[in-house]
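Engineer: Listed below are the residues making up each chain.
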Amino acid sequence: MTTTLTRPGALAASGHPLVRPDAAKHLTDEQVEELGRELDAVRDEILAKRGATDAAYIRRVIKVQRSLEFAGRGTLLFSKYKPAWFAGTAMLSVAKILENMEIGHNVLHGQWDWMRDPDIHSTTWEWDFVTPARSWQHTHNDLHHRWTNVIGKDRDVGYNLLRMDPDQPWRPFNLGNPLYNAILAPVFEWGIALYDLEIPEYKEGLKTKEAMNRDLKAVGVKVVKQFSKDYAATPAVAMLTGSGKQALYGTLAANAIRNFWAHAVIFCGHFPEGTDTFTEEEVEGETRGDWYVRQMIGSANISGSKFMHLMTGNLSHQIEHHCFPDLPSNRYAEVAVKVREICTRYKLPYTTGPLPKQVGSTWAKIFKLALPNRTPKAATA
Amino acid sequence: MIRLKKLARAASALTTPLTPEDFLALFNPVYSSRQLRGVVSRVVHETEDSATIYFHPGHGWHAHKAGQWARIGVELDGVRHWRSYSLSTAAGHDPAITVKDAGAVSHVLVRDTKPGDILFLAPPQGDFVLPEHPRSLLMLTAGSGITPVMSMIRTLIPRRPDANVVLINSNSTPEKSLFREELDELADQFSNLTVRHWFTSARGRLEFTAKTIADLCPDWRSRAAYACGPEGFLNNAEELWQREAALETASTMPGLSSGAGTQAATTGTLTIERFSTDLLTGAGHDGGLVTFEQSDREVQADGDTPLLDIGEDAGVLMPSGCRMGICHSCLIPLRAGQVRDLRTGELHNNPGQLIQTCVSAAAGPVNLDL
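Chains as they are written, first to last, in UniProt numbering: chain A, 1 to 381; chain B, 1 to 370.
Keep in mind the hints are simulated off the structure, nothing from the lab. Take these hints with a grain of salt, some might be off.
[To be verified] Mimicking DSSO-like on lysine-lysine, the simulated pairs with C-alpha atoms at most 30 Å apart in a straight line are: (1) B:LYS65 - B:LYS114; (2) A:LYS225 - A:LYS245; (3) A:LYS357 - A:LYS368; (4) A:LYS209 - A:LYS245; (5) A:LYS207 - A:LYS225; (6) B:LYS5 - A:LYS217; (7) B:LYS5 - A:LYS225; (8) A:LYS63 - B:LYS114; (9) B:LYS5 - A:LYS229; (10) A:LYS80 - A:LYS245; (11) A:LYS347 - A:LYS357; (12) A:LYS63 - B:LYS5; (13) A:LYS63 - A:LYS82; (14) A:LYS217 - B:LYS6; (15) A:LYS80 - A:LYS63; (16) A:LYS25 - A:LYS347; (17) B:LYS114 - A:LYS49; (18) A:LYS245 - A:LYS63; (19) B:LYS65 - A:LYS229; (20) B:LYS6 - A:LYS245; (21) A:LYS203 - A:LYS217; (22) B:LYS6 - A:LYS63; (23) A:LYS245 - A:LYS82; (24) A:LYS245 - A:LYS229; (25) B:LYS6 - A:LYS225.
[Stated by the list, open to error] With the C-beta cut set under 8 Å, the calculated list includes, among others, these residues of chain B facing chain A: (26) ALA13; (27) PHE23; (28) LEU24; (29) PRO29; (30) SER32; (31) GLN35; (32) GLY78; (33) SER191.
[What the hints assert, rightly or not] Partial selection, computed: residues in chain A whose CB lies under 7 Å from chain B: (34) ASP54; (35) ALA55; (36) ARG59; (37) PHE70; (38) ALA71; (39) LYS82; (40) TRP114.
Owing to the predicted nature of the structure, the values given are computational and were not obtained by experimental measurement. Glycine included, each C-beta is placed from N, C-alpha and C at the ideal position.
Work out the full structure: start from the sequences and follow the hints.
Structural biologist: Spelled out as structure tokens, the structure:
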């Protein structure tokens, strides 16, 4: 008995996409294949090394994060005293950032599944973020990571709200591009929760009513829990010391700070100058090597200190993360050295820069694309 | 208790999506909302390659019966591994496992465990336990097979003067014999325990025949027997009891229907605890693509590797237990496809059927509901 399983999105074993992206035009099929083999080898090397030190790393980060969260929320209970408000809000903000980025995002990618610890596993983890982990895993792990930057397939290009690529048709609505982005930043988690509901897909008939109801219910439950924790339970307990209102401001501030930060880092992943977007022809017939190429030329890194990398959840190594989404995040720094060397050797762009530069570049694009394209892009069809 | 639960529920409003236990774990690692843990309290080295590990289990553990085993999870190079070990302490006492260094997991347990370490646990289970009503017993053990029997002896001998136990304990040398001194002391102190050591280095393999057993324990036929040890040892014992049962059936068959009077002459029951199962691996069967549907993982599997190993290596959270097909902790519903039972070679392909992943391998494509 042989069953042919239909595997949508399966990569071709050999050959090349209908059109190879401009930045990789100079490479032959054989070169791309060799590049794929080299990157596979980089991955295998890490898999062979992965072990007790990596497990100790994630447990340490989780411990620090929980201690900060515990201390931060505890300190906010006395936030009628100014120093307590500042200290509590700061600790809670850092805790929330770590929780979402270095822990949540990466655990939900399955980066730590190899430990077989049910407490730190992609199928059991839930995070301190409005969107339910399972909904996010679908739009992020399945759709965005598979179809990175493919216009028409990866809706992360602008999240159905912003015009982030000249190939996206201009509408008068896009005039508000910078305004929408400014409004989105402090409430980023709510934007993502709304985005993960896949309302356009539902309207287009690509998502069933049952699936929609299921997702609405899940997000509804999560909203109530998240909202009551930060904006009802914590202030209510703080009222015992007469700090109710200040505690509410503290949790509001912590969530806003986390949202600003997450928004800034995530927008630096694929939108700065130098990152490419792709047409459907450019992915049709793509091999593993071409998939790697697309991940590398469609992503951008952020340079900075070790602390910076930790606070971005190592999304500052976006290129490496997109090549190997399920390698433990603490390994991306050493992987980056090799990936960069490979890019140099194959004459592929490797986009990176400090945070302010990358954020500036992203905002410049958001302003520019609020207006129609000045010179129509050469038709590729 | 109920008030505590309510309190925890109220506190979870402040900790969601985590639980209050997740934060309590910062102060005491035994706390977990998801998995039972224990803290190692003492490690006693028994022989040169074995140790007894005492631990304080967290909430969710229940007291063991003498002879039961528990699943113990330890980490090897950051990866969680589970094995089953018999509990060696008396019922009603703090639990402890006695482990012989015989594999990767037991090696870590014997050599590297120290007080304060965390063990992952599952509550005690198993049917290798003392009979409900007291009667004279015969214990047959070899090597680390003494472990569950030690728990039985420690439970029974000091507390029940009406108990009567003969232990035949086979080991290669006196030095490698677990609990030897304690057993001798107990036998000296209590007349209801008789210990017969058998050292294979001096006397060769202990072969179970009616004669060898009768030499060691003349009234063996009237005793309820318990055996624990390696596969060959147990098979050998099982054969003797089967032979005896067959002889009796043959001799009583032609006569009058057996009444209550014949019971005493009948050979007693033999209860067995196995440590391992022979699997039909290496037969070169075809495997297939294994799909873990809920976990969204696909792996190519050969026809000899248990699906449990396949899943674990793919990072799927597989439920697991004895790893030898007896405890049924690893059951997963089959969604589609076919698996082969590695003990019997039998094929299973009914959708919805529960598969013992520790003793089943892919026989063609397999979809599992996990």
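Engineer: If a hint holds in the structure, say so; if it does not, say that too.
Structural biologist: Do the hints match the structure? See the list:
Annotation: proposed proximity of B:LYS65 to B:LYS114 holds, straight-line Cα distance about 26 Å (limit 30 Å). Between A:LYS225 and A:LYS245 the CA atoms are separated by roughly 20 Å; this keeps the pair inside 30 Å, and the hint holds. Restraint check: the Cα-Cα separation between A:LYS357 and A:LYS368 comes to about 16 Å, which is no more than 30 Å; the hinted pair holds. With a C-alpha separation of about 41 Å, the suggested pairing of A:LYS209 with A:LYS245 is violated against the 30 Å cut-off.
Simply put, A:LYS207 and A:LYS225 have alpha-carbon atoms about 26 Å apart, close enough for the 30 Å limit, and the pair holds. Distance check on the hinted pair: B:LYS5 and A:LYS217 sit about 26 Å apart at the alpha-carbon level, within 30 Å; holds. Distance restraint check for B:LYS5 and A:LYS225: the Cα-Cα separation of roughly 18 Å lies within the 30 Å cut-off, and the hinted pair is therefore satisfied. Simply put, A:LYS63 and B:LYS114 have alpha-carbon atoms about 22 Å apart, close enough for the 30 Å limit, and the pair holds.
Taken as a hint, the B:LYS5 and A:LYS229 pair is honoured in the structure, with Cα atoms around 19 Å apart against an allowance of 30 Å. For the hint linking A:LYS80 to A:LYS245, the alpha-carbon distance of about 8 Å falls within 30 Å, and the restraint holds. At most 30 Å may separate the alpha-carbon atoms for a hinted pair to count; A:LYS347 and A:LYS357 meet this at roughly 23 Å. For the given pair, A:LYS63 sits about 24 Å from B:LYS5 by alpha-carbon distance, which is consistent with the 30 Å threshold.
For the hint pairing A:LYS63 with A:LYS82, the CA-to-CA distance comes to about 27 Å; that is within 30 Å, so the pair holds. The straight-line distance between the Cα atoms of A:LYS217 and B:LYS6 is roughly 25 Å, inside the 30 Å bound, and the hint therefore holds. With a C-alpha separation of about 28 Å, the suggested pair A:LYS80 and A:LYS63 falls inside the 30 Å cut-off, and the hint holds. Only pairs whose Cα atoms come within 30 Å are accepted, and A:LYS25 paired with A:LYS347 is accepted, the gap being roughly 11 Å.
Pair hint B:LYS114 plus A:LYS49 holds up; C-alpha atoms about 26 Å apart against a cutoff of 30 Å. For the given pair, A:LYS245 sits about 29 Å from A:LYS63 by alpha-carbon distance, which is consistent with the 30 Å threshold. Restraint check for B:LYS65 and A:LYS229: not satisfied, since their Cα atoms lie roughly 44 Å apart, outside the 30 Å limit. For the proposed pair B:LYS6 and A:LYS245, the alpha carbon gap of about 27 Å is at most 30 Å, so the pair holds.
Among the hinted pairs, A:LYS203 with A:LYS217 is consistent with the structure: their alpha-carbon atoms are about 18 Å apart, no more than 30 Å. The straight-line distance between the Cα atoms of B:LYS6 and A:LYS63 is roughly 26 Å, inside the 30 Å bound, and the hint therefore holds. For the suggested pair A:LYS245 and A:LYS82, the alpha carbons sit about 13 Å apart, so the restraint of at most 30 Å is met. Proximity of A:LYS245 to A:LYS229 is assessed by CA-CA distance (about 14 Å); at most 30 Å being required, the pair is judged to hold.
The hinted pair formed by B:LYS6 and A:LYS225 meets the criterion: a straight-line CA distance of about 17 Å does not exceed 30 Å. Nearest Cβ of chain A to the Cβ of B:ALA13: about 4 Å, under the 8 Å cut. The hint holds. Because the closest C-beta pair between B:PHE23 and chain A is about 5 Å apart, less than 8 Å, the hint holds. Against a cut-off of 8 Å between C-beta atoms, the interface hint on B:LEU24 is violated, since the closest Cβ of chain A lies about 10 Å away.
A distance limit of 8 Å between C-beta atoms decides the matter here; for B:PRO29 the minimum to chain A is near 10 Å, and the interface restraint is violated. For B:SER32, the interface hint holds, since its Cβ comes within 8 Å of a Cβ in chain A; the closest pair sits about 7 Å apart. Below 8 Å, beta-carbon pairs count as interface contacts, and B:GLN35 has one with chain A at about 6 Å; its hint therefore holds. At its closest, the beta carbon of B:GLY78 sits 3 Å from a beta carbon of chain A; the interface hint therefore holds under the 8 Å criterion.
This hint is violated: B:SER191 has a C-beta 50 Å from the nearest C-beta of chain A, more than the 8 Å allowed. Below 7 Å, beta-carbon pairs count as interface contacts, and A:ASP54 has one with chain B at about 6 Å; its hint therefore holds. For A:ALA55, the suggested interface contact is upheld, since its CB lies about 3 Å from the closest CB of chain B, less than 7 Å. Among the interface hints, the one on A:ARG59 is violated; its C-beta lies about 10 Å from the nearest C-beta in chain B, farther than the 7 Å criterion.
Because the beta carbon of A:PHE70 sits about 5 Å from the nearest beta carbon in chain B, less than 7 Å, this interface hint is met. Nearest Cβ of chain B to the Cβ of A:ALA71: about 10 Å, over the 7 Å cut. The hint is violated. Interface hint at A:LYS82: violated, since its Cβ lies 23 Å from the closest Cβ of chain B, which is beyond the 7 Å cut-off. Annotation: A:TRP114 was flagged as interfacial toward chain B, and the flag holds, the nearest CB pair being 5 Å apart, inside 7 Å.
Hints 4, 19, 28, 29, 33, 36, 38, 39 from the list above are not met by this structure, while the remaining hints are.
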